[in-house]
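> Protein sequence lines correspond, in order, to chains A and B. The opening position of the first sequence corresponds to residue 3 in my numbering, with each subsequent residue numbered one higher. The opening position of the second sequence corresponds to residue 5 in my numbering, with each subsequent residue numbered one higher.
Please keep in mind that the hints were generated in silico from the structure rather than gathered at the bench. Some hints here could point you the wrong way.
Here are a few chain A residues that face chain B, going by a calculated C-beta distance under 10 Å [claimed, not checked]: (1) I29; (2) C89; (3) I91; (4) H93; (5) Y129; (6) K132; (7) L133; (8) G134; (9) N138; (10) Q139; (11) P169.
The beta-carbon is built from N, C-alpha and C at its ideal position, and this holds for glycine as well.
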Amino acid sequence: MKKVLFIALLGLILKSCTNTSEEKLPILGEREPIEKTVDGKVVIDTLYQSIPAFSYFNQDSILISDKDFDNKIYVSDFFFTSCNTICPIMHRNMLNVYNKYKGDSKVKFLSHTIDIKYDLPSRLKKYATKLGLEGNQWEFVHGSRDSIFNIAAKSYLVAAYEDNTDPQGLVHQGWFILVDTKKRIRGAYDGTKEDQVKQLMLDMDILLKEEFGDAK
Amino acid sequence: MRNSLIYTVLLALGIGVSVQSCQDENSLDYKRYYVNGKRIYEKSCQSCHGADGKGLGTLYPPLTDTTYLKLNKNQLSCIIRNGQQGEIKINNITYDEIMPGNETLADIDIAQVIVYITNSFGNKQGFYDTEAVTSDLKTCK
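Pulled out of the complex, with its shape left as it was, chain A reads as follows (with noise of 0.2 Å):
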């Protein structure tokens, strides 16, 4: 009986676990109560945590920032092009979900060197271009030592640094990160992992249908 009973719950849990997570993504990051002033009544309202301004060069050496993904949802990642281990399993899986979204202007990609002495945009570009990519919806940036690793740790929530220990020298994690229209980290998914990048397909989806309504 207990157990009827505790399996029956279980499957309640899971039910509704399901239904949210179809509906809506969560809002990851830290997040913090502020008071506005709404029709002359002081409300609480939640400030959530969001990826800050930036600007970097793409592998057109062409300086981009921040606006340039407004009003898109898109999936960062930290990379370099030397790296022989997570790296090309990480920008393999990328490559299909990109394929899948590609020419979609709702949607792009940014994926950040941390090779920062090596990986000038013209190498970026040769890289790119080897994966077999065109234009910019899929960007591949350089930016200043402290910039990149300071934006992974505080604001993507990846572990990126420099490490002599290492065989090359660099030690990062292989997350992609979802962000939102509204620049809030809504999925991490471990993009090494093929089951990990099937599920932030389906996320961005859902992401997309909340964020521009049902036209994909």
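Start from chain A and add chain B according to the hints.
What follows is chain B alone, placed relative to chain A:
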């Protein structure tokens, strides 16, 4: 008459069994190399060359060019051990990234991974033993 029939059957059986056991010995080695090679491939090669051996764009070449693998079979050990630099043409496409070496792989590991690669992804080139790898490695530039 009856006896000779029995002898013939027994003889045939005997030959059959010994041939069979020889084949088993060879195919056992092959299987062992292939299985171990797969494990090494997954750990050291798959990230760039892919689970399906198709590589990635024109960054990392595929391992599906049977002709290249056949013509350069005695070079494979050196490439796996020491890496590869400069332009190479695979399936008529030029690749020129740097492949890192695998200095920690023993000769037998290299033989096993060669057996795996040259018998996967549409390749079917049979067994390659450790001695061949050892002698190939002496010719590395």
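> For each hint, tell me whether it holds in the structure or not.
Hint-by-hint comparison with the structure:
1. Among the interface hints, the one on A:I29 is violated; its C-beta lies about 33 Å from the nearest C-beta in chain B, farther than the 10 Å criterion.
2. Residue-level restraint check for A:C89 holds (minimum Cβ-Cβ distance to chain B is 8 Å; threshold 10 Å).
3. The closest approach between the C-beta of A:I91 and any C-beta of chain B is roughly 5 Å, which is under the 10 Å cut-off, so the hint is satisfied.
4. Given hint, A:H93 at the interface with chain B, holds; its Cβ is 7 Å from that chain's nearest Cβ, closer than 10 Å.
5. Interface hint status for A:Y129: upheld, as the beta-carbon distance to the closest one in chain B is roughly 7 Å, under 10 Å.
6. The restraint placing A:K132 at the interface with chain B holds, with a minimum CB-CB distance near 4 Å, inside the 10 Å limit.
7. For A:L133, the shortest C-beta to C-beta distance to chain B is roughly 4 Å, which falls under 10 Å, so the interface hint holds.
8. The beta carbon of A:G134 is positioned within 10 Å of a beta carbon in chain B (closest approach about 5 Å), and the interface hint is therefore held.
9. Among the interface hints, the one on A:N138 is violated; its C-beta lies about 17 Å from the nearest C-beta in chain B, farther than the 10 Å criterion.
10. For A:Q139, the interface hint is violated, since its Cβ never comes within 10 Å of a Cβ in chain B; the closest pair sits about 16 Å apart.
11. Look at A:P169: its Cβ gets to within about 9 Å of chain B, closer than 10 Å, so that hint holds up.
The structure fails hints 1, 9, 10 (numbered hints given earlier, in ascending order).
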